[in-house]
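Asks: Single-letter residue listing:
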Amino acid sequence: MKSAIAFWNILLKDMKNYYLKPPNISWGIIFPFAWMLMMFLRTKTAFNIEEVFPGIVGMSILFGTTSMLSVTITFERKARSFERLLLAPISIELLITAKIAGAILFGIFNSIVPVLFSVLYFKAFVSSWAVLITGIILLSIISTLLGLFISVSAKEVFEAQTYSNFFRFPMIFLCGLFIPVSALPLIIRPLSYILPVTYGIDTLHHAISGNGFLPIGIDFIILAVCCFLLFFISIYNIRRRWII
Amino acid sequence: MTDKILEVQGLKKSYNGFIAVNGISFHVNRAEIFGFLGPNGAGKTTTINMLIGMAKISGGRIFYKGKDLTNNIKKAQEIIGVVPDESNLYNEMNGFDNLCFCGALYGLPKREREKKAHGLLELFGLKDAAGKKFMAYSKGMKRKLTIAAALIHEPEILFLDEPTTGIDVSSVRQIRNLIKELNENGTTIFLTTHYIEEAERLCNRVAFIDKGEIIQIDSVEQLIKASRETNIIEIHFEPVTYDKTRLLEKLNEIFPGIECVLKNDSAIKMVSISKIDIAPVVNYLSAEGLFIYEARLIKPSLEDAFVKATGIEIDLMKKEKEKK
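If you read the sequences in order, they're chains U and Y.
When you line the first sequence up against my numbering, it's residues 50 to 293, in that order.
When you line the second sequence up against my numbering, it's residues 78 to 401, in that order.
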């Protein structure tokens, strides 16, 4: 019960202090909307919403979660308020789960605009809503954990942002967001396969067209394993770097 | 139940070959104020960090209430309250919400933490600032709220790291009175400070730490008593230009058995085991052209005990801390 109270209040505090601030809410709406609009304006003549849908949803989640988490954790560490959390009689695992929960929810929120826009305005066909929702949740978790992994390594907020960009921008091209992995040169493909976002995007392709480059079950398993690994590597790094 | 709330045996911390804390041992009795005094870099904060679970231990054992929690400090965090040397509450939250949030971290239900937050704001004289954002608080108010936040879960032992450094005189007085009050109500206090007079006024027992080692540890009375066997006289004069080194050499030569040290530009401190006849000293200094306006017998204090034990001049220690 005590842990549940602590967990809920850390999440609530992060939501109030960071995620529900007007600039972030507007980011969650404007950013995906801008991507949709850009795509629409650029490919007006041959616009296939089913093709770009996974990319836009994926990018909205990826950018939203990695930006926010790397900032909130690094910012709190810099202000030393993160110490207060480390001093609480709760396990580091629970503490980090509470910290990432807000970012995961923010990622899911970021996906709402492109999903609604695609389905309601462009009449995109969703082959499986269950797979789409599961895919969005898993992609939000994996992107958040990537943000956590980055923020554990950064001392300053600008450092966290720089590291994030180092990961994020290549992912746009490597993870099948807009260019299918199968269309990438053979020499680059191994890079795509080691990036977990690739499998998150593949689940979205499954949800829309019913096809992906891997069976959906394999995507889910790989994503679950990557989540598990990233979470525990980050926890290990926190113990090693922050409790010196 | 054991009388020792905290016991430390051979505690050690080293990083990259540098030994920050070198196998120190001590204990803290229940409901006492235990002072941890030492200059910058002595190992005070490193020791606290190990005791509260913010630093890994390189060696030794830590017992809380008789239980060996060396490898499980998390378990001790329920009975620990920590006030770090810098306030670390949330700037964007108001005073009341900060306290409630800290209560929630210890699993206090909403109604209970709100009640306690109101009580603490009242106790610390921050009731009117309850709705103000933490970033708008003055330094003294910030420190008070940080102490209040550390008390929300009613810890059995409160670690206070330099609680009065860098705040105004009136807040210092208030905080010192609060520390006393808390202790009178049964809270054990572990206090680190570089204000020796603060430790003398508040602490029951004190440990002097320097270069990662405990030099001396005893009750304040015992530490002062040991210094009482020496006689100390301070001679004050108008600050004029004079050759300080030559003057001290001469004094030590003319008055053997008396250790003369320059306290500052306008005071000389004379320490001797036997009584000091001040007339010849005053005459000599007058003859040297100094205008003497005061010579007084100093009652040995904890400061003298500290200087005697560590060889560190307090003024220098304070200056170093202020620079930091």
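Keep in mind that a hint or two might mislead.
These stretches of chain U come out as covered by chain Y in the derived footprint (C-beta under 8 Å, 3 or more residues) [unchecked claim]:
1. 55-66
2. 136-150
3. 259-269
Partial chain Y-side listing against chain U, Cβ under 10 Å, derived [to be verified]:
4. N148
5. G184
6. K187
7. K192
8. K193
9. G196
10. L198
11. G202
12. I292
If you are wondering where the hints come from, they were derived from the structure by calculation, not from laboratory data.
Every residue gets a Cβ at the ideal spot worked out from N, C-alpha and C, and that includes glycine.
Asks: Would you mind marking each hint as holding or not holding in the structure?
Replies: Going down the list of hints, with the structure as the test:
1. 55-66: Our answer is that it holds, as 6 residues pass the Cβ test (under 8 Å) against chain Y, meeting three.
2. 136-150: holds (count 5)
3. 259-269: That given contact is violated, which follows from only 0 residues of the region 259-269 of chain U lying within Cβ reach (below 8 Å) of chain Y.
4. N148: Where the cut-off is 10 Å and the nearest Cβ of chain U is about 13 Å from N148/Y, the hint is violated.
5. G184: Hint holds; G184/Y Cβ to chain U Cβ min 2 Å, cut 10 Å.
6. K187: Interface hint status for K187/Y: holds (8 Å vs cutoff 10 Å).
7. K192: 15 Å, violated
8. K193: Cβ of K193/Y sits 14 Å from chain U, so the hint is violated.
9. G196: This hint is violated: G196/Y lies away from chain U, its Cβ roughly 19 Å from the closest one there, beyond 10 Å.
10. L198: 18 Å, violated
11. G202: 22 Å, violated
12. I292: Hint violated; I292/Y Cβ to chain U Cβ min 26 Å, cut 10 Å.
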